[in-house]
Amino acid sequence: MLDAIDKDLLKKVADLEGLPKGAFNIRKNGKLLKREVSANINIESNADGSGIIVTIKPGTINESVHIPVILSLAGLYDVVYNNFIIGEGADVTIIAGCGIHCGSLEPEGHAGIHEFRVGKGAKVKYVEKHYATGPGRGRRTLNPTTKVFLEAGAAAEMELTQIGGVDEANRANEATLGPDSLLLITERVLTEGNQKAVSANTIILAGAGSRANMISRSVIKGDSEQDFYATMEALAPCFGHIECDAIIMDNGRNETVPSLKARHPDAALTHEASIGKIASDQLMKLMSLGLTYDEAVNRIIQGFLK
Amino acid sequence: MLELKDLYFSVSGRDIIDGMSYTFEKGKFYSITGPNGSGKTTLAKLIMGINPVSSGSISFQGKEISSLSITERAREGIAYSFQQPARFKGITFRDLLAIAAGTDDEAMLLALLRRVGICSLSFLDNPVDAKLSGGEIKKIELATTIARNPKLAIYDEPDTGIDLWTIQPMVRLLKREQHEHGTTTVVVSHNRAFLEAADIVLMISEGKLVYKGDLTDALPMLNDLSVCNYRKCVGDKDVGCYR
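Chains as they are written, first to last, in this note's numbering: chain A, 1 to 306; chain B, 1 to 243.
Think of the hints as simulated: they come from the structure by calculation, not from any bench.
Be a bit skeptical, because a hint or two may be false.
With a Cα cut of at most 25 Å, we get these calculated DSS-like pairs of lysine-lysine [as the list claims (entries may be wrong)]:
(1) B:K63 with B:K151
(2) A:K277 with B:K89
(3) B:K63 with A:K221
(4) A:K196 with A:K277
(5) A:K221 with A:K129
(6) A:K129 with B:K63
(7) A:K120 with A:K7
(8) A:K34 with A:K11
(9) B:K212 with B:K151
(10) B:K131 with A:K306
(11) A:K125 with A:K57
(12) A:K306 with A:K196
(13) B:K175 with B:K28
(14) A:K125 with B:K26
(15) B:K131 with A:K277
(16) A:K7 with A:K31
(17) B:K151 with B:K26
(18) A:K306 with B:K28
(19) A:K196 with B:K89
(20) A:K261 with A:K221
(21) B:K131 with B:K89
(22) A:K129 with A:K11
(23) A:K277 with A:K11
(24) A:K147 with A:K129
Listing some non-contacts, in silico: residues in chain B with all C-beta distances to chain A over 10 Å [as the list claims (entries may be wrong)]:
(25) S21
(26) K28
(27) F82
(28) I99
(29) T144
(30) D163
Source: prediction; values computed, not measured.
Quick reminder that beta carbons are idealized off the backbone N, C-alpha and C, glycines included.
The following block holds chain A by itself, in its conformation from the complex (with noise of 0.2 Å):
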């Protein structure tokens, strides 16, 4: 059923040796490939089967759930429509991603939309990991949205990555939070040769004692090209941070927009923002344990993206 490069693409963006453990649904190609269910954790198709529903019971406790997609047939720009229902009180992991083997000149591309309702006192764990490969040069495209909504003493954790090979990227990632709610957004992406990816984040703290964290690290080699913007708005009393750097490599270019608004008066709203090529101390530092420049070079971006 899964053959070498399914298994190579699963293995890149879930960690995944052969199928996993607890409920899954493996998209292949835009189609179901396998799916299982957990008495805590119900996977659907939604109506007009453009996706699923994944509902999770009030109180699941430590239970992870995997949604890898992958693509290798030429010329498909798949689109999927997937909705999250974590009861309130429970603690899981989902684990998402999409890997695109390439085989030939016509493009390939997957747009999955995301959206999670995250119940009181809730927590998710959301990795996403994203990545390209394949000998054919038709171009690779990958654009994710997250929707993210906190109901009170909700918190999601969210690890978004783009480790390699993906020509074009538009990443769109918005959430609204409730009430003492917490979201940390943690983004990394690497663009080598002339690829292009844009990350738009939108967050607003709605909910009085909400806090919300955002970090962005960018990579950008070859002639690639990232742009960044992040919105933090605050609506109530509440903390929000955004930190976003950028590593510039070669001929790379990168824009990075922070942008704070407090509509309240008791918000506290901050940003540090960075660009710039590694820092001469740092490949002097490794090269003076005996790493050579190239061997420095790779552990720092390696630690950066890690």
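Model the placement of chain B on the given structure of chain A, informed by the hints.
Just chain B, lined up with the frame of chain A:
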């Protein structure tokens, strides 16, 4: 074991290191001191290859190293502890220590922690980032230098950011490394504790080596350098000539 011969480092026509020659002996403890801006750190960086030599030679264990890279000098056995250590994003103390020691073996890393006197195991997984205090990052810097098992260890102002109570243990640590591992130790410092620990005190002023010997004879010069004195120097033996 380290020989500097007619060493110059010039920037925009100004000699920051001005024709320095000196031979460091194996296994000795040297403290380099002198006024701010006299060229102490520049000299240390020339030895490590961080600054390029303008002219002259540096020979380490009989091998000319002035054209070698930082990496090549590190692999020859020279280690360097930076005055302002680099901070990273996503790299932990464990990562740096493993690179320095050439192993990520847990038992060996723990042995290194014991060797440098760091008692907290949780410290190992601290990110080496901007959140660390000045004292914490200096301990990491020292530990990664010692983890190289260097033949020649250069410490540039190791006491910067360190609290008073930590300086003596730090001096004892460097002396222990000198005695137990035969490490030739060069400490750039203004701190009397390091000057007292040295077998030989070297004093630099305006890029020249103006004194080499024990601390007792160096003290009049150091005291004179610490006060304002605008009178003209008179003769070679006038300490005012060396400010």
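Tested hints:
1. B:K63 with B:K151: Between B:K63 and B:K151 the Cα gap is close to 14 Å, so the pair holds against 25 Å.
2. A:K277 with B:K89: The given pair, whose Cα atoms are some 14 Å apart, holds under the 25 Å limit.
3. B:K63 with A:K221: violated, 38 Å
4. A:K196 with A:K277: holds, 18 Å
5. A:K221 with A:K129: holds, 19 Å
6. A:K129 with B:K63: violated, 50 Å
7. A:K120 with A:K7: Judged against 25 Å, a Cα distance of about 37 Å means the pair is violated.
8. A:K34 with A:K11: Holds. A:K34 to A:K11 sits at ~16 Å (cutoff 25 Å).
9. B:K212 with B:K151: Roughly 22 Å between the alpha carbons, so the hint for B:K212 and B:K151 holds.
10. B:K131 with A:K306: holds, 18 Å
11. A:K125 with A:K57: Distance ~16 Å between A:K125 and A:K57 Cα, so the pair holds.
12. A:K306 with A:K196: holds, 21 Å
13. B:K175 with B:K28: Answer holds: B:K175 to B:K28 is near 10 Å, not above 25 Å.
14. A:K125 with B:K26: Distance ~56 Å between A:K125 and B:K26 Cα, so the pair is violated.
15. B:K131 with A:K277: holds, 21 Å
16. A:K7 with A:K31: At roughly 17 Å apart (the allowed maximum being 25 Å), A:K31 and A:K7 satisfy the hint.
17. B:K151 with B:K26: Holds, because 8 Å separates the two Cα atoms, which is no more than 25 Å.
18. A:K306 with B:K28: violated, 42 Å
19. A:K196 with B:K89: OK: A:K196 and B:K89 at ~24 Å, within 25 Å.
20. A:K261 with A:K221: Not OK: A:K261 and A:K221 at ~32 Å, beyond 25 Å, violated.
21. B:K131 with B:K89: Within the cut-off at roughly 10 Å; holds.
22. A:K129 with A:K11: Within the cut-off at roughly 11 Å; holds.
23. A:K277 with A:K11: violated, 31 Å
24. A:K147 with A:K129: Measuring from Cα to Cα gives roughly 17 Å; hence the hint holds.
25. S21: At about 25 Å from chain A, B:S21 clears the 10 Å cut-off, so the statement holds.
26. K28: At about 22 Å from chain A, B:K28 clears the 10 Å cut-off, so the statement holds.
27. F82: violated, 7 Å
28. I99: Violated, since 5 Å does not exceed 10 Å.
29. T144: About 6 Å separates B:T144 from the closest Cβ of chain A, which leaves it inside 10 Å; violated.
30. D163: holds, 23 Å
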